[in-house]
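A.B. asks: Using the sequences provided together with the hints, build the complete structure.
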Amino acid sequence: MDMAKITIDKMGCKGCDICIAICPKKVFVKSKKRNGYGSNMPEAQNVKDCIGCRLCERLCPDGAIDVEVEAIRDEN
Amino acid sequence: MNKLYEKYIKTDLLPTLFCPGCGNGIVQIAAIKAIDKLGIQDEMACVSGIGCSSWIPCYFKMDVMHTMHGRALPFAEGLKLARPDKKVMVFTGDGDCLAIGGNHLLHAARRNIDLTVILINNYIYGMTGGQKSPSTPEGAVTKTSPYGAADIPLDGCELAMAVGATYVARWTTAHPIQLEKAIEEGLTHKGFSFIEVLTQCPVQAGQKVYGFKDPAEIMNMYKETTYVYKEGMEIPKGKTRIGLLKHDEDTTEYIDRIEARLESQGIKRG
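As they're listed, the protein sequences go chains A and B.
The opening residue of the first sequence carries number 1 in the numbering used here; numbering runs sequentially from there.
The opening residue of the second sequence carries number 1 in the numbering used here; numbering runs sequentially from there.
Among the hints, a few may not be true.
Straight line, CA to CA, 27 Å or less: simulated DSSO-like cross-link-like pairs of lysine-lysine [unchecked claim]:
#: 1; chain 1: A; residue 1: Lys5; chain 2: B; residue 2: Lys10
#: 2; chain 1: B; residue 1: Lys213; chain 2: B; residue 2: Lys87
#: 3; chain 1: A; residue 1: Lys25; chain 2: B; residue 2: Lys181
Selected chain A positions facing chain B (in silico; Cβ < 10 Å) [unchecked claim]:
#: 4; residue: Met11
#: 5; residue: Cys16
#: 6; residue: Cys19
#: 7; residue: Gly52
#: 8; residue: Arg58
#: 9; residue: Cys60
#: 10; residue: Asp62
#: 11; residue: Glu68
Calculated from the structure, these hints are not laboratory results.
Cβ atoms here follow ideal geometry from the backbone N, Cα and C, with glycine treated the same way.
C.D. replies: Rendered as structure tokens:
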């Protein structure tokens, strides 16, 4: 089983919530954490469901999301 | 932070001046991914005009020229003629390219000069406060059309195809992978490449033009109201065609034509 590591940059995120809507596995949820702009930012909660499609990385308009999938996935 | 940002974006200028949920950032990432795939960071030169979308290349760690309103294409043509070894990419908006710079688009496409033009179409003048642009759909309520826009919108892709652009494609921000491939093809194509990207402007256009305020809902709307044409399919009514619209590899490029003409008369260029 592969595990992904998702980091969200607090200073980059503007709280547009595109990632919450776009993720096919619903990894992101809205949290009470504030970003650099003062609005609520998403939190990667269900990381174990992540399939590593990297749509959030491509569709984050501020490039705040970084997904790292372990190399086990490439070998299979 | 995105892994490519360190290499391609001036991170000390971040955050970008785009509003939350703006589609310009998605186009920015698609462009740097395409450039990264081709590995041509040092050969790139970006030109842009005035408008929200024209701020996209200003964050790139490349040669960038931020020019007058609507005049990005003439500047890019001059740059390409002076430095034919550079790959020139132009970022313009719908007001920049279709309204004030409409004439320049006609003549750049007619000459078939080797440029890659990315038209970021959000159906509104976003930077100045939400006025009607040439591509605003009929009936949309904006600041300058309070009773609904009465004129018929202008289709940039049809216009470019009619005057002779040799690579024309249209994608939306809801199709980031296809958009990246289109930019890559446009950069490798020798000739005038015109890529239109339908983006969202949740702040100025939002509810009145698209019918949704949330950026993710507007992107979903783009997914539902567009179609990719396959041979023999019935054309759905009221939907916008996306995908590759024209790819013509047989025409000669402007600089090649000039050089052939000079050579035939015994003149050496440069």
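A.B. asks: Does each hint fit the structure? Answer for all of them.
C.D. replies: Right, here's what the structure says about each hint:
1. Taken as a hint, the A:Lys5 and B:Lys10 pair is honoured in the structure, with Cα atoms around 25 Å apart against an allowance of 27 Å.
2. Between B:Lys213 and B:Lys87, the direct Cα distance comes to roughly 37 Å. Violation of the 27 Å bound is thereby established for this hinted pair.
3. Under the criterion of a C-alpha separation no larger than 27 Å, the hint pairing A:Lys25 with B:Lys181 is consistent with the structure, at around 25 Å.
4. For the restraint placing A:Met11 at the interface with chain B, the shortest Cβ-Cβ distance is roughly 7 Å, inside the 10 Å limit, so the hint holds.
5. Interface restraint check: A:Cys16 against chain B, minimum CB-CB distance 3 Å, threshold 10 Å, status holds.
6. Given the 10 Å rule on beta carbons, the hint for A:Cys19 holds: about 9 Å separates it from the nearest Cβ of chain B.
7. Proximity of A:Gly52 to chain B is violated relative to the hint, the smallest CB-CB distance being about 14 Å (cut-off 10 Å).
8. Using the Cβ-Cβ criterion of 10 Å, the hint placing A:Arg58 at the interface with chain B is satisfied: the shortest such distance is roughly 4 Å.
9. Annotation: A:Cys60 was flagged as interfacial toward chain B, and the flag holds, the nearest CB pair being 7 Å apart, inside 10 Å.
10. At a threshold of 10 Å, the smallest CB-CB gap from A:Asp62 to chain B is about 5 Å, leaving the interface hint in force.
11. At its closest, the beta carbon of A:Glu68 sits 9 Å from a beta carbon of chain B; the interface hint therefore holds under the 10 Å criterion.
Violated hints, in rising order: 2, 7; the structure is consistent with all others.
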